[in-house]
Amino acid sequence: MMELINPLLLAVILINFYTLGSARLVACIRVVAIQGALLALLPLLSHGMTFHAMLLAAEAFCFKGVVIPWLLLRAIRRVRIRREMEPIVGFVPTLILGVLTTVGAFLFADLLPLAPEHHDGMFVPTALATMFSGFLLLITRRKAITQILGYLMLENGIFIFAVLLSAAMPVMVEAGILLDLLVGVFVMGIVVNQISREFSTINTERLTALKE
Amino acid sequence: MIWLLSGIVLTSFAGVPGLFCNRESLRGERLACILTLTGAVCGLIAVALVLNSGGETYLDLPWSIPGGTLALRLDPLAAVFMLPLFLVVATGSVYGLRYWPQRENPGNGRKLRLFYGLISGAIMLVLTARNGMLFLMAWEVMALSGFFLITTEENKEEARRAGYIYLIATHTGTLALFALFAMLDHTSGSLIFPGAGTLPAAGSGLMFLLGLFGFGMKAGLMPLHIWLPGAHAAAPSHASALLSGVMIKTGIYGLVRFTSFFAEIPAWWGWTLLLLGAISGILGVALAIAQHDIKRLLAYHSVENIGIIALGFGLALLGRSYEQPALMILGLSGCLLHVVNHGLFKSLLFLSAGSVIHAVGTREIDQLGGVLKRQPWTGALFLGAAVAISGLPPFNGFISEWLIYLGALQPLKHPTSALGLAVLTAPALALIGALALACFVKVFGIVFLGEARSKAAVQAHEAPLSMLVPMALLLVACAWIGLLPTTLVPLLRGAVENWAGIDGGTMLGGSFAPLGWVSLIGWLLLALLAAVGLWLSRISRKVPRAIGTWGCGFQFSAPRMQYTASSFADFLVRLFHFGLWSERHGGKVTGLLPGVTRFSSHTPDTVLDRVLFPIFLGAAWLCRLLRACIHNGVIAFYLLYIALTVIVLLALFIL
Chain A
35 MMELINPLLL
45 AVILINFYTL
55 GSARLVACIR
65 VVAIQGALLA
75 LLPLLSHGMT
85 FHAMLLAAEA
95 FCFKGVVIPW
105 LLLRAIRRVR
115 IRREMEPIVG
125 FVPTLILGVL
135 TTVGAFLFAD
145 LLPLAPEHHD
155 GMFVPTALAT
165 MFSGFLLLIT
175 RRKAITQILG
185 YLMLENGIFI
195 FAVLLSAAMP
205 VMVEAGILLD
215 LLVGVFVMGI
225 VVNQISREFS
235 TINTERLTAL
245 KE
Chain B
929 MIWLLSGIVL
939 TSFAGVPGLF
949 CNRESLRGER
959 LACILTLTGA
969 VCGLIAVALV
979 LNSGGETYLD
989 LPWSIPGGTL
999 ALRLDPLAAV
1009 FMLPLFLVVA
1019 TGSVYGLRYW
1029 PQRENPGNGR
1039 KLRLFYGLIS
1049 GAIMLVLTAR
1059 NGMLFLMAWE
1069 VMALSGFFLI
1079 TTEENKEEAR
1089 RAGYIYLIAT
1099 HTGTLALFAL
1109 FAMLDHTSGS
1119 LIFPGAGTLP
1129 AAGSGLMFLL
1139 GLFGFGMKAG
1149 LMPLHIWLPG
1159 AHAAAPSHAS
1169 ALLSGVMIKT
1179 GIYGLVRFTS
1189 FFAEIPAWWG
1199 WTLLLLGAIS
1209 GILGVALAIA
1219 QHDIKRLLAY
1229 HSVENIGIIA
1239 LGFGLALLGR
1249 SYEQPALMIL
1259 GLSGCLLHVV
1269 NHGLFKSLLF
1279 LSAGSVIHAV
1289 GTREIDQLGG
1299 VLKRQPWTGA
1309 LFLGAAVAIS
1319 GLPPFNGFIS
1329 EWLIYLGALQ
1339 PLKHPTSALG
1349 LAVLTAPALA
1359 LIGALALACF
1369 VKVFGIVFLG
1379 EARSKAAVQA
1389 HEAPLSMLVP
1399 MALLLVACAW
1409 IGLLPTTLVP
1419 LLRGAVENWA
1429 GIDGGTMLGG
1439 SFAPLGWVSL
1449 IGWLLLALLA
1459 AVGLWLSRIS
1469 RKVPRAIGTW
1479 GCGFQFSAPR
1489 MQYTASSFAD
1499 FLVRLFHFGL
1509 WSERHGGKVT
1519 GLLPGVTRFS
1529 SHTPDTVLDR
1539 VLFPIFLGAA
1549 WLCRLLRACI
1559 HNGVIAFYLL
1569 YIALTVIVLL
1579 ALFIL
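Which chain is which? The protein sequence lines are A and B, in order.
Numbering of the first sequence is given in this note's numbering, commencing with residue 35 and proceeding in unit increments.
Numbering of the second sequence is given in this note's numbering, commencing with residue 929 and proceeding in unit increments.
Derived by calculation from the structure, the hints in this document are not laboratory data.
Incorrect hints may have been included.
[As the list claims (entries may be wrong)] Partial list, computed: chain A residues near chain B (C-beta under 8 Å):
hint	residue
1	Ile68
2	Trp104
3	Leu107
4	Ile122
5	Leu146
6	Leu172
7	Thr174
[Claimed, not checked] If you want the ones that stay clear, here's a sample from chain A, every Cβ over 10 Å from chain B, calculated:
hint	residue
8	Tyr52
9	Val60
10	Ile110
11	Leu134
12	Leu199
Even glycine gets a Cβ: it sits at the ideal position worked out from N, Cα and C.
Working from the sequences, and respecting the hints, build out all of it.
Next comes the structure, spelled out in structure tokens:
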């Protein structure tokens, strides 16, 4: 089973790049849903078919792979947008930045004082790369929907880390993650609805007017 | 020790029972006054016992705060600072009964009395604390109570502004003190104050600078005096007396106590203090001359007197550095005696100025005039204090300045060494004394002599007995030190021994500083003065009194023809233009038959209004610009900040 992990993590990184470079929101949401579903396999692959791993996988699949993407797709249908127009930083530059941060994450992970059993795998660099891609998405996009996707990717990155720790700290990790995620999505859901109702757009830059 | 503790507790909580009394009732203020008086008497007994036994009294209790025990110690050095405190607090609290009665000030009378008591207790604690933590606590209570005293009339914009500046200044100083005590703790290994002369001098330069900044800010040394003029002007007069007479001296106490810890003292400490003292003294009195507000003027005289004290202290430090015991003893005795003296005569000045303000209702010197005819006793008391502050015999100011002069002339015995430059202290002191005299000639001439310049000044009435008696007590104390200086010699000797960590061998009072002769000359002068006064009053009885004082023989003189505060001081203010930068508006007369013209002059504080305000305005502008850049409302940027923070933290973690 272990040999399946590296291709899986590679797929996660590729999905990061796709999300960073794509303007089509629906496709992005679907791809992030796929990323979540793939990540749901991760605890099973790394810890075997234990009850705890299965629980974690089921939770991740439900939330990351099904519920949240479905909510986002519904929201997109309601506000009737399809594409991310005029991002703050263009798609190609974002993609280049994404590549750079991924390379940085791989280099950086070598320097980290990790436990010996985590040193060789792709877990830590992938987690860092996914987190930074999420951050990039958050920073460079205008639409609230894309920003939620950024949060989701950020959480995915944290989830990869958490899989490493789930044996040591069983319940704490996933409870923390899922709670975080739910809060994030609810908050952003409210933001999306409220922004589009107030300004008839979901561009977050209108929020600039809210500063003191 | 029990006396001291009860003194601290009684004065600290003197204002508390009043909080539970009716707003209009007299009970609270009387109770506060009685408690304060009892507390002061208890403290006085404690000091008397210590001085009588020739040693010191101390208290050492275990304490849950790390770094040392709860240590209190009362030694002659602290006692020197304590004595004026008791007198000023007691007289001020009696004076306050009529000056700030609860019935006329139902809104803030209770607050004033609460913090008046609290600050007195806190000062006692500051002076006796021997644990750095306890010292800082008491220091902070003192600083905050001072803030509430200054903002007693918080409905006035001026008082709020003064209080705000004071708060900023005092906390900046306290910050330096925190650093100082942390370093002291590091050096000596405990927060308990080390004994005199026990710490090595190595690496103490930064500590000295921190102490100079923190304590100098409280004392009001020249570039750090920014809070002082506004604060003393805004507080009620008896609170100003306490703040100016006693509280600012805690800064001097801190410096004196702190420098006593070191076995060797680098020479530059003394030179720095001499330089700062000369600047404070000369510019302080020059600024005082230029003022039109009587309490602001007195506040600048505090800066001047702190300068004189710093001069004496600088000489003492130089005496330690160059191993000249005579210089050290004279400098330090002069410094400490001037601390006591300034506490007495400055309080008296504030109280008598307060009595004038109470009667007339204004602090503007140009609105007063001829007050001596309406308030003869207040005028006489003010005159006595003015003579004392100008450093003239037979009052106490002369004695301390004379000791400092003697110290300043000591280096002449060794003209070859670098110490020779310290002789320049003497001309600086002479300049300060002469200018102070000129300033008080101005105040007394404009306020008390001449004709009343406003209707309110005409209707002024003499202060009641309960205000006059406390003032008279202070004048008696001033005269006592001036006429019987030998009575204070044991106290000063003990304090000097405390400071220098030496025993015996001090010669103060002998041929070395012939205080006995000074006292004799003082008495002779007094007798001469009395004789001349009697003779003058006998011959003046026959003279008609219909003509105004400043009338120059002109029969129909009007009050407007008199010298004003600014015209009287104009010559000196112009001489010191390089340090004062006074503003002059109008006054140009053109043509043969000029119309109505106006003239006004105004002297803002050199450091606060000319330097600090522009700098802070610039800094505020810069910060606003920076905030507009950083805090621009674009969510992407905030997220970028988070990402950068995470990256920086990770990088730091790796490194």
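Beyond 10 Å on every Cβ pair: is that true for isoleucine 110 of chain A relative to chain B? holds (20 Å)
Hold the hint about leucine 146 of chain A up to the distance rule: shortest CB distance to chain B must be less than 8 Å. holds (7 Å)
Was leucine 199 of chain A rightly flagged as not at the interface, with every chain B Cβ beyond 10 Å? Answer for leucine 199 of chain A: holds, closest chain B Cβ roughly 17 Å.
Does the claim that valine 60 of chain A lies outside the interface with chain B hold up, using a Cβ gap greater than 10 Å? holds (23 Å)
Given leucine 107 of chain A as an interface hint, is its Cβ closer than 8 Å to any Cβ of chain B? The hint is violated - leucine 107 of chain A has no Cβ within 8 Å of chain B, the shortest such distance being about 23 Å.
Grab the minimum C-beta distance from tryptophan 104 of chain A to chain B and call the hint holds if it beats 8 Å, violated otherwise. violated (25 Å)
Exclusion check [leucine 134 of chain A not at the chain B interface, CB over 10 Å]: Consistent with the label, leucine 134 of chain A stays out of reach of chain B, its closest Cβ about 12 Å off (over 10 Å).
Minimum beta-carbon distance criterion (8 Å), leucine 172 of chain A to chain B: Interface hint status for leucine 172 of chain A: holds (5 Å vs cutoff 8 Å).
Given as non-interface: tyrosine 52 of chain A, which should sit over 10 Å from chain B by C-beta: Given a closest Cβ separation of 21 Å, the condition holds.
Measuring from the C-beta of isoleucine 68 of chain A to each C-beta in chain B, is the shortest one below 8 Å? violated (25 Å)
Against chain B, run the beta carbon of threonine 174 of chain A and see if the smallest gap drops under 8 Å. holds (7 Å)
Does the nearest C-beta of chain B fall within a distance shorter than 8 Å of the C-beta of isoleucine 122 of chain A? Since chain B brings a Cβ to about 5 Å from isoleucine 122 of chain A, closer than 8 Å, the hint holds.
Checked against the numbered hints above, the structure breaks hints 1, 2, 3 and satisfies the rest.
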